[in-house]
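Student: If you want the building blocks of each chain, they are given just below.
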Amino acid sequence: MDQPIKKPSIKLSVYGMIVTAVGGVSYFLLTDIPFIRNTAAPNIALVVVGMAMAVWGVVKRRSKGTIIAAGVSAFVGLGLIGSLTILMKLPEAEAIARTSDLLPDFTLPNQDGVPVTLSSYKGKGPVLLVFYRGHW
Amino acid sequence: MKDAGGAVIAVSADSTKDSKKVVERYKIPFDIVSDEGAKVIKQYGLLFHEPMGRGEIALPANFLIDKNGKVAWRYISSHVQLRVDPAETMAEIEKLLK
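Protein chains in written order, with the working numbering: chain A, 1 to 136; chain B, 1 to 98.
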């Protein structure tokens, strides 16, 4: 009697999809934590591992289930990586504030509408420039 | 700072009307300038995009600029809720004014 050949299960791809989803979704839920927001290291790791698992699952068993799981995985995984690339790109202006010795001059109205120019203090005295949130 | 011929300038995106209210309410002895439209905030690279799409906000930051217009000390917060430590700021000012 022939034993039916046992096909590898689709579980690996499904787990891979779940791992990817956890990595991706958790990033957006945990952005208040500076480590997560600035590096997204655990999220990237989860997403990469998840995608690898899902794809490996397809290699081991090519079926509708594994292909769908791998597809969702890729979508979420690449979506996270894509979003991070956009979110974490430091605009050039930021580099100026962080490293440049000379800051951009400006003239802005004070609370009485009188214009205040930053460079007007040059040669006169030091300035403490405080950027604060206000009401926004 | 005034005695040293300098100034403290606070910058926010509030309107001059709102800044005036703040100055009067807290009896603030220095200037609060209005960067409506956040133009200067953007120039300084302090505009921060909230990832959840909650909008744009300025990162708290302090710059201590010496008499020659050069930056003697700076602190840029990594998070909108992290304010600059006033004690550290005072210490840096004192260092500069020595």
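Don't read these hints as lab results, they were simulated from the structure.
Hints are not guaranteed to be accurate.
Stated by the list, open to error - Where chain A lies over chain B, by a calculated footprint (3+ residues, C-beta under 8 Å):
| hint | stretch |
| --- | --- |
| 1 | 5-16 |
| 2 | 20-29 |
| 3 | 59-72 |
| 4 | 89-97 |
Where a beta carbon is used, it is the ideal one built from N, C-alpha and C, also for glycine.
Student: Hint by hint, say whether it matches the structure.
Tutor: Results for each hint:
{"no.": "1", "hint": "5-16", "result": "holds (count 11)"}
{"no.": "2", "hint": "20-29", "result": "holds (count 3)"}
{"no.": "3", "hint": "59-72", "result": "holds (count 14)"}
{"no.": "4", "hint": "89-97", "result": "holds (count 4)"}
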